[in-house]
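Trainee: Using the hints provided, position chains B, C and D relative to the given structure of chain A.
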Amino acid sequence: MADSGVVVGPMPARTRGQWLAVVARQRELSLLAIMLVLGGLVTLTAPQFLTVSNLSQVAVLAALIATAAVGEALVVITRNVDLSVEATMGLVAYCVASLLERHALDTPGAIAFGLGLGLVLGMINGVVVTVFRVPAIVATLGTLSVFRGVDYLIAGSHQVPLAGLPPGFTDAARDSVLGIPIFVLIAMIIVVIGSAILRWTRFGRQLYAVGSNPEAAAILGIPSRLVVFTAFTLCGLLAGVAGILYIMEFGTINGTSATGLVLAVVAAVVVGGVNIFGGSGTLAGAALGALFLGFIANALILVGLSQFWLQAIYGLVILIAVSADAIILRRIQRATAARRVR
Amino acid sequence: MKLSSAGRTIALATTTVMLFAACGGGATPTPAGSTAASAAPGGSAAGGPITVGYLPKDIVNQYFAAAKTGMDKAAAETAGSKIIQVGPNEPKADLQVPFIKDLTTQKVNAIIISADGKDEVAPDLKAAMAAGIKVVGFDSSPAVGAYNVFVNQVDFSGVGVNLADWACELAPSCTGDIAILSAAATATNQNAWIDLMKKTLAGDKYKGLKLVDTVYGDDKPDVSTTQAQALLTKYPKLKVIVAPTTVGILAAAQVVSQAGKSATVKVTGLGFPNDMKKFVKDGTSPVFGLWSVPDLGYLSYQVAAKLISGEITGAEGETFTVKGLNGDKPYTIGKDSIVILGPAFRFDSTNVDQFNF
Amino acid sequence: MTEVVAAATQPRAELRGISKRFGATQALDDVSLDLLPGEVHALVGENGAGKSTLVKILAGVHQPDSGAILLDGEPIQIAGPARARALGIAVVHQEPRLFPDLTVAENVFIGHAPSGRLGTIDWGSTRRSARTVFDQLGVRFDVGAPVRGLSMADQQLIEIAKSLSVEARVLILDEPTASLSAHEVERLFTIVRRLRDRGVSVLFVSHRLDEVFDLCDRATVFRDGRHVITTSTGKLTTADLVRHMVGRTVSLFPKVETPIGDVLLEVEGLTRTGVFRGIGFSVRAGEIVGFAGLVGSGRTEVARVLFGIDRRDEGEIRLGGRAVSFASPSEAMDAGIAYLPEDRHQEGLVLDFSIAQNVTLPILPRLFRRLLVRSSTERRVADEYTKQFDVRMTGGEQLVGAMSGGNQQKVVVAKWLASKPRVLVLDEPTRGIDIGAKVEVHRIISELAASGLGIILISSDLPEVLAMADRILVLHEGRITAEIPRARATEERVMFAATGNVEPLGDGDASGGAVDG
Amino acid sequence: MSASVASARSGRSWLSALARWETLLIGAIAGLIVLGALLSPFFLTPGNFANLIAALMEVAIMALPMTLIIVAGEIDLSVESMAGLASSLLGFLWAAGVPLGVAIPVVLLVGALGGLLNGLLVARGGLPSLVVTLGTLALFRGLALIVLGPRGISNFPPAFTELGFGHVPGTLIPWPFVIFLGLAAILGIVLHRTWIGRQIYAIGKNTGAARFSGVRVVRVRTGLFVLSGLVAALAGIILTSRLSSARADAGAGMTLTVVTVVLLGGVNIFGGSGTIPGVALAVIAVAVMQNALRLASVTVEVQSIALGLLLILSVVIPNFAHRAKSAIDRVRGARPPPADSVRHGETASW
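Chains as they are written, first to last, in the working numbering: chain A, 1 to 342; chain B, 1 to 357; chain C, 1 to 517; chain D, 1 to 350.
Bear in mind the hints are in silico, worked out from the structure with no lab data behind them.
Just so we're clear, the structure is a prediction, and the values are computed from it rather than from any experiment.
Each residue gets a CB set at the ideal place from its N, CA and C atoms; glycine is no exception.
Treat the hints with caution; some may be incorrect.
Pulled from the structure, derived: some chain A residues nowhere near chain C, Cβ distances all over 12 angstroms [claimed, not checked]: (1) TYR208; (2) MET248; (3) LEU263.
Label-pair restraints from in silico Cβ distances [unchecked claim]: (4) C:ALA68 / A:ILE193: 41 to 51 angstroms; (5) A:GLY40 / D:GLY149: 28 to 38 angstroms; (6) A:GLU215 / C:GLU483: 37 to 47 angstroms; (7) C:ARG370 / D:GLY31: 22 to 32 angstroms.
The shape of chain A in the complex, shown without the other chains:
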């Protein structure tokens, strides 16, 4: 620390660290930039990429994943993880669809039911983690197979066909307002509200605090367990929303609906720049991560790469994203090594 001079000014190292930190926090921008460049290249080889119908298709599908990814992000920020989202989505999707098919509830009722169910499933995760003190990864690994099992159990070999849903129910997946698909609007609203909560409410800041330094949070008297519980609950709720969007998007629902989506969701969160060890990351980032992955998938198919390549590319994207995070972080620490924080 520079002693000379009357006031202790920020050290050059620190400013450089900050600068890099700023870059690191610009994941959203870098994702957008990459997408623009790639988009251009793809359009050269596959003109139909740059059509409204295609782009909106990508956006709609991404919006679905993004909704779940936002919930996942909330949990990851608190230094936890929820692997059961896909099961929650599937279960909610089937329950709502079958209620509608059997005319047990009208559309609003069924949707409300779905949201409630998602909320409750999230609370179950929350209780297992915060009350029974089961590490999140184990707890949600368990509830993943429990929820999925219940889904199979309820659904059996029954499949709710599009015809079984009230007419117009699935239109939301195609309709758009002012040229913006409704799904995208929904996702945007969720991101905006969520971001506002994270930025401007006590709870939002506590979320980051708990993830950033649990011990300090405890000393400040922040109710860590309540915060984590709430995060899981909200994650469940959003998974419920995603489940309902899933019905609208795909129309046909059975016991296997939404299997394997957890990979996409967690990938979106990681690619979106949310630190898997908690404390940092934005909901917009998670949403953009989802868009980015959907975008890649679509581009690959359009340039004529067989779908077999998709998984491999997904994997690479994840590895690149996480490596980038690490490199930048190391730079920051190196830059501020002058006073190692021990």
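Mentor: This is chains B, C and D only, laid out in the frame that chain A set:
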């Protein structure tokens, strides 16, 4: 804290159970009123009560639920006979194998199986046969020699031709791009049909048709939907999507009609009348085919019963009749001990409403 | 004069007969303490005297087993940290407890951020008030930057800013100056005095006696969890204070004079960018070289490079005349360098390994060439080394986690001697262990030197360094600012060099410096 | 004894706790066997015991290195995909006319290389293994699909398929079970009897102290991932042999079961504790449970529910046991041992 949390937990548990209860009841399998339904009961299941193990590709696909309704009806004809249905959640061979072992252990009289992979299940089926259990393959064949009789829903080459013909019929003046939306990339029967269809397409009659792509929907609604959407985007000039899978054809038809392209892009393949009625009417899918799945189940059970009773052994050339099927004319066991249910049934606006499965 | 105040005014805060016990150890035994409005009250004592326990009780982290706490004469319960803050009791902890991912401003105001309409957080005023707080401190900060990567000292300042931000009536400073430069210390004192004049009661916990005399009106001494004396600092000399703290006029340090042998370790121009520059020194057989300097001056960092944990950017290390470079601690060990890390629990020991397992951990590959671990051998080796230092234990199977700090430290020493090093680097070997154990550790160090090892002794405990070391290297801001031979070493000289370019603090005879780290 | 020392639960108290856990498992197995016998007359037939294990062999084999990795405080989610890659690569090579004598070593090598990739990224690159192996989970599966595409390669020589399907002559013991036991013995000795195992525990319990004690943390961690990749490839080969068919989707979904089995075996997800015997017992317990439920024609749904609940309970029970214990300690006035899972349960994610 402890008490309140315990309380909270219990409250949660009860709420959840109630919620699930509300969702339940959807599990009733699709009702099946097959052509055989009208046949006089007391079919030809000779001998006393038997126990048959039914092992579908997976227990989620409603196709196999429909087949089971046929088997149940056949089993009901002999008092005391029962069917044990077992199977995995997803159509994967390595998940299917343990069930064969267990059915063998349970010494069922026969196993009726739709193979997730013809070679994967072969060794255990052979073991089962060695243990004196009759093995009847249906829908998707185990390797030759790993079954006593394979009940083929339809003449494969026939389906190959049918698919090509329907595509030709739907493509304006039998020309333009066509694409295939299949099930799992590894599904035996799918790949067989696709190969035969390709052979057929080589014929002069079809030279106008250009098969531009084959994609795989894994028999999952969501994957199939995504793939169908991609096809529409990728091939603007696409005329026909051929989906020889009940899950795929439904997804494709939904995508096309929701994209408002029903006029330009047609969907055909193999599907359930109940699923497709809507799309036959809105012109998305004027023509498609399938066989009576309940009948397929019914026949498979009867064959199993006859194998057990010794009425047939599965040798090539043997014949037998099943009341209510094949117009009561005898079936003949063909090469590789294959019995064919009959030609694929063609559904279109004239007849689709008469069926309910 | 302070007495008059004391007599006249009612105490702001008062602790009566506080006792607290952790498992086997009686941390506090019926201690009493009163804080007057507008006084700075020093709380001094050896490590383990119970200072931090008392602080934690006032902070609401611990609850006393017995005794009463009064605030302005009202008996109160400090149920938790939040409650403490609500009561206007602010604690500046020795170890900054900040949120690396949050901004400086937010760290200052977390928990009580100014809220605008709809109870949302008003970032504008949060930043503004944060700036004003730092202006009071006379420190410029980019309050919008995240804390991650800030230096210990900066984080310490943020901690202090935090407590300023709540209008504290009782301010507890728990060794706040440990990692501050002299300039920052002066700043802090000015602020503390300003607060005192506003009528705030300040409890000042410090090891630096010079600071105690410089800042405080009264001082209370704890020893082994008991209250020894409370008196005006005017009535005290450093010597008295030390006597009260240690309980006897001690010659703590049984330094055995040993012949100095050949050069074992030579370091030239050693540099790690941004951490330390141009470090050069040598260590001879049988010699104890002391490393003095404030926390963060780069002592530990040099050791880490010597031991192959961090990379050097420039400079040369010669061991027995041969140039060496270590990519990993294991290579350093094989070459004969051993390093006792500063942080026993994080770096020194595996707490739920047995003593034997800990002692043999570094030498497993040497001990069991055929991979298979034989526990008999293991126990034999462990006994051999633990006996030397009569580690009090129930047996080699005992878990080190269940031992006292002193014994744990002995196990660490044993562990490192088992690797038969030629050069031994000891980083704060006596931090947080009781007097008895401390004396033993010093005995061990001397014996080791006598046995021909070259020893580097890193310590914030000045008297310890002065007594033990043959030569003292003083680091400041990552440079060696002085090399003082034993004969000429005094606390003033060391402190002068350690605090860089400022005048020595305190007057000559009542010399300053720390009694213990 | 050494198992107890190395078992690295903290000391006698934890040793006893561990003992309790493993006896618990044995008890569970016994209970399940009784249950099975009641549920189905065929359960106690000799042939059934052969089947019982067979279905779970690949999972069991992959669980062994996973145990070491988790004890060292990491995790490897990519094993199932590596098994798939191995299967499809083997099929590809065989179809291309490469003799198995060459193909199998190549496949194993690829497995080791894949593990090395994980190891370098995690140990040297310092990246979170959860994310890295999530990435390679997708990457390896993708490569498997690229290599073999939709094809299924079957016509393997009987000698090869015998490996996965056959039994030890004159017995009903399937060969894969023999491989499992062999591997379990080797890794058990490594983990519990050698200083490498000791170092693995040290890393899992306190990486800092391990590093300062000259443990080559990077090397050990990397080595473990290589081992994991290698064994995953082996599992893929066995799976290919058992199903006498190579497919790109081989092994899909197995990782969940692998991790579940390991945790059921009493391994702490945060590293530092767990034993091979425990995991081996967990394998048997799960196998028996699944088999019994199948024989009783209990549908797979119920099985997955049961498995999920078991997994959660496997943490809840020791947690409460530990809390009870440390409460007692406090009364006794001893320093309570570090409360691994209890502490982390709230703060860390995994």
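Trainee: Provide an ascending list of the numbers of those earlier hints which the structure does not satisfy.
Mentor: Hints 1, 7 contradicted; others consistent.
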